[in-house]
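Q: Sequence:
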Amino acid sequence: MNWQSATNSHARPVAGHTALPQSEPGGGRRLEVAGIVVVVAALLALVGWLVWPSPPGALVLHSGTTDHIVTVTVASHRMGETSIDLVVTDRAGKPVPRAVIRVQAIEPRMGYSDPPTTSTELGAGRYRAADVSFMMTGPWNLQVSIAAGGGTDQLSLPLWIGG
Numbered sequence: 002m003n004w005q006s007a008t009n010s011h012a013r014p015v016a017g018h019t020a021l022p023q024s025e026p027g028g029g030r031r032l033e034v035a036g037i038v039v040v041v042a043a044l045l046a047l048v049g050w051l052v053w054p055s056p057p058g059a060l061v062l063h064s065g066t067t068d069h070i071v072t073v074t075v076a077s078h079r080m081g082e083t084s085i086d087l088v089v090t091d092r093a094g095k096p097v098p099r100a101v102i103r104v105q106a107i108e109p110r111m112g113y114s115d116p117p118t119t120s121t122e123l124g125a126g127r128y129r130a131a132d133v134s135f136m137m138t139g140p141w142n143l144q145v146s147i148a149a150g151g152g153t154d155q156l157s158l159p160l161w162i163g164g
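Numbering (this note's numbering), first residue to last: 2 to 164.
Check before you lean on any hint, since a few could be wrong.
What the hints assert, rightly or not - Ranges of calculated distance between the beta carbons of each label pair, as one might list FRET restraints:
| hint | residue 1 | residue 2 | range |
| --- | --- | --- | --- |
| 1 | 112 | 150 | 46 to 54 Å |
| 2 | 140 | 48 | 31 to 39 Å |
| 3 | 74 | 35 | 47 to 55 Å |
| 4 | 74 | 114 | 14 to 22 Å |
| 5 | 95 | 48 | 48 to 56 Å |
Hints are computed from structural coordinates only; laboratory data are not their basis.
All C-beta atoms, glycine included, are put in the ideal place defined by N, C-alpha and C.
Work out the full structure, taking the sequences as your base and the hints as a guide.
A: See the structure below:
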């Protein structure tokens, strides 16, 4: 067999040997590179999924006055509008019904704020102030006014609003 017949695509396979299809030079290398690219892309997607920031959970703040214990739950402590739930009890832990509760978010550095939001009673000392606006990121103060039992208590709760 001469060198021409060995490289001829019409040559017959030798007994006991399987003829391999002829491919372009470097074809196997391209397949390897494509496989590596797919694996690297999958790893990057996995890492991105693991480190992608998830929405924050609710922020729970506890405070009180001489007459009341207050638990404030901020649904989202991100910039924008959010609802704020309040649980108001007396110092003995008994729910305070029929109170008028106003919540105002104030940005202390720039003085940004909307008018106070009057909460609605949900029952058993639970109240909700809907659509409280946080116009920018940074430090904020929640001013809470509790009018119940012939008197009014005021408290201020600091919190940080993210982006």
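Q: List, from low to high, the hint numbers that the structure doesn't satisfy.
A: Violated hint (a single one): 1; every other hint is consistent with the structure.
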